[in-house]
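As given, the protein sequences belong to chains A and B, one line each in that order. Residue 1 is where the first sequence starts when you use this note's numbering, and the numbers rise one by one after that. Residue 1 is where the second sequence starts when you use this note's numbering, and the numbers rise one by one after that.
Be aware that a few hints might be false.
What the hints assert, rightly or not - Reference listing, derived: stretches of chain B covered by chain A, where coverage requires no fewer than 3 residues with Cβ under 8 Å from a Cβ of chain A:
| hint | segment |
| --- | --- |
| 1 | 69-78 |
| 2 | 89-102 |
| 3 | 108-121 |
Claimed, not checked - Using 27 Å as the maximum straight-line C-alpha spacing, the simulated DSS-like pairs for lysine-lysine come out as follows:
| hint | chain 1 | residue 1 | chain 2 | residue 2 |
| --- | --- | --- | --- | --- |
| 4 | A | K120 | A | K108 |
| 5 | A | K4 | B | K199 |
| 6 | B | K103 | B | K161 |
| 7 | A | K4 | B | K103 |
| 8 | A | K135 | A | K108 |
Just so you know, these hints were derived from the structure itself, not from any lab. All values derive from a computational prediction rather than experimental measurement. Note that the Cβ used here is the ideal one computed from N, Cα and C, for glycine as well.
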Amino acid sequence: MTIKHHPSDETLMRMAAGALGAGPELVVSVHLEGCAVCRNRMAHFEAVGGAILDGMPSAPLAADLFGRTMERLEAVQPLPTRERMVKRPELGLELPRAMQNCEVGPWKWLGPGFQWSKIKIVGSPDAKVMLIKGKAGLHLPAHGHTGLEFMQILSGSLADERGQYLPGDLDEAGSDVDHRPVVGQDSDCICLAALEGDTRLHGFLGRLLRPFVGF
Amino acid sequence: MDAASSYFGTRNARQVRPAARLVVLNEARQKEVLPSPEELISLVDAVGREQDRNAFARLFGYFAPRVKSFLMRSGLADSAAEEVTQEVMIAVWRKASYFDPGKAGVSTWVFTIARNQRIDRLRRTRSRTADNLLDPSDEPDMPLSGEDITITAEREEGVRKALATLPSDQATIVRLSFFAEKPHAEIARELGIPLGTVKSRVRLALSRLRTLLDSDI
């Protein structure tokens with residue numbers, strides 16, 4: 001499978017820097033899981049971080065910091081094993097590994113052939129991130145955004161004025177994009193979507209989602 | 001030497017330190033023998049395999065002052081930066097056996113640990129504690145190949161060289177982008193330049209990095 005749509009250099013650099021919000025970071029993590037090209041790009045941006053760290057001047061440390069750290073190492077417990085924290089509703093798809101610590105809500109009705117599921121990221125309750133499911137052939141309402149919208153296709157396909165998006169593709173749509181996505185005819189489409197920061201959706205979709213999702 | 005190279009720790013830049021950098025370093029640090037990338041790898045390896053405390057002490061001596069300085073530059077106060085630095089070094093100790101020189105250089109690995117600790121602190125959560133739990137990327141998935149290690153070392157080297165050739169205004173923007181969750185608007189205020197200029201410098205820097213690294217991206 002060839003992935004055609006990738007996160008921008010700027011997005012990857014911000015993520016490498018730890019400056020992307022929790023929602024977009026989750027969507028991009030899911031993309032990276034399936035995209036070796038972007039994992040390699042990401043490794044380059046993280047190496048920029050390594051170079052910056054190497055170039056930092058030395059800050060003076062408390063004289064006993066090393067000693068205190070060694071004391072804490074003596075007391076350190078073995079690594080806890082990761083437990084799955086939440087029960088999963090039956091969503092009809094296998095969740096990417098990057099989502100394994102998220103709370104995932106059940107599918108909820110949003111409109112004819114149109115459902116959503118709330119995703120909660122531990123520690124970031126305000127992240128605007130959700131799964132969206134549209135039945136084959138569904139026309140999603142036209143909308144624009146005040147900031148960036150990230151959308152990773154998990155199954156099925158989606159198309160808009162700018163192109164077609166298949167599983168593994170990530171669409172990054174900025175405030176310059178007004179689009180009217182349509183679900184492919186062959187099957188239902190499930191995607192993971194996040195809005196950056198205080199981005200809002202314009203148009204009918206925004207009015208539809210706002211009472212439910214707070215978008 | 002290009003002005004930009006003083007922003008980034010190119011290994012060569014360290015051997016021939018720019019005078020401006022020396023001012024901020026104390027006497028002891030000037031005389032410090034800085035470990036090479038290969039030495040750093042063998043130090044982490046010794047910590048991972050044998051819990052070698054001397055190796056850890058050397059890693060601590062090299063990284064802790066830099067991590068603290070990075071965190072303070074990212075907006076943490078002195079005491080908070082020191083607290084997080086301690087967490088970072090504890091994570092280095094605990095995760096050393098998972099370090100994979102086929103994925104990243106040691107400095108890059110420590111950077112990602114520091115970055116994650118800072119995110120955790122900013123998001124005010126104890127529950128994520130990314131570096132105390134194993135995350136999936138820690139799982140050793142394939143046996144180490146010498147080829148991966150070479151590719152990684154070349155990437156680290158290539159990135160440093162590319163950064164050193166960026167014009168200094170672009171290098172500044174890239175560097176500021178790595179300090180804290182700083183939106184471009186804030187960077188613009190800090191530098192006293194218009195937001196559009198920040199955005200275009202980011203774009204220029206990224207496309208230049210991309211060109212320089214294009215052989216392997």
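Hint check results:
no. : hint               : result
1   : 69-78              : holds (count 4)
2   : 89-102             : holds (count 4)
3   : 108-121            : holds (count 11)
4   : A/K120 with A/K108 : holds (15 Å)
5   : A/K4 with B/K199   : holds (25 Å)
6   : B/K103 with B/K161 : holds (19 Å)
7   : A/K4 with B/K103   : holds (24 Å)
8   : A/K135 with A/K108 : holds (14 Å)
When the structure is compared with the earlier hints, no violation turns up for any of them.
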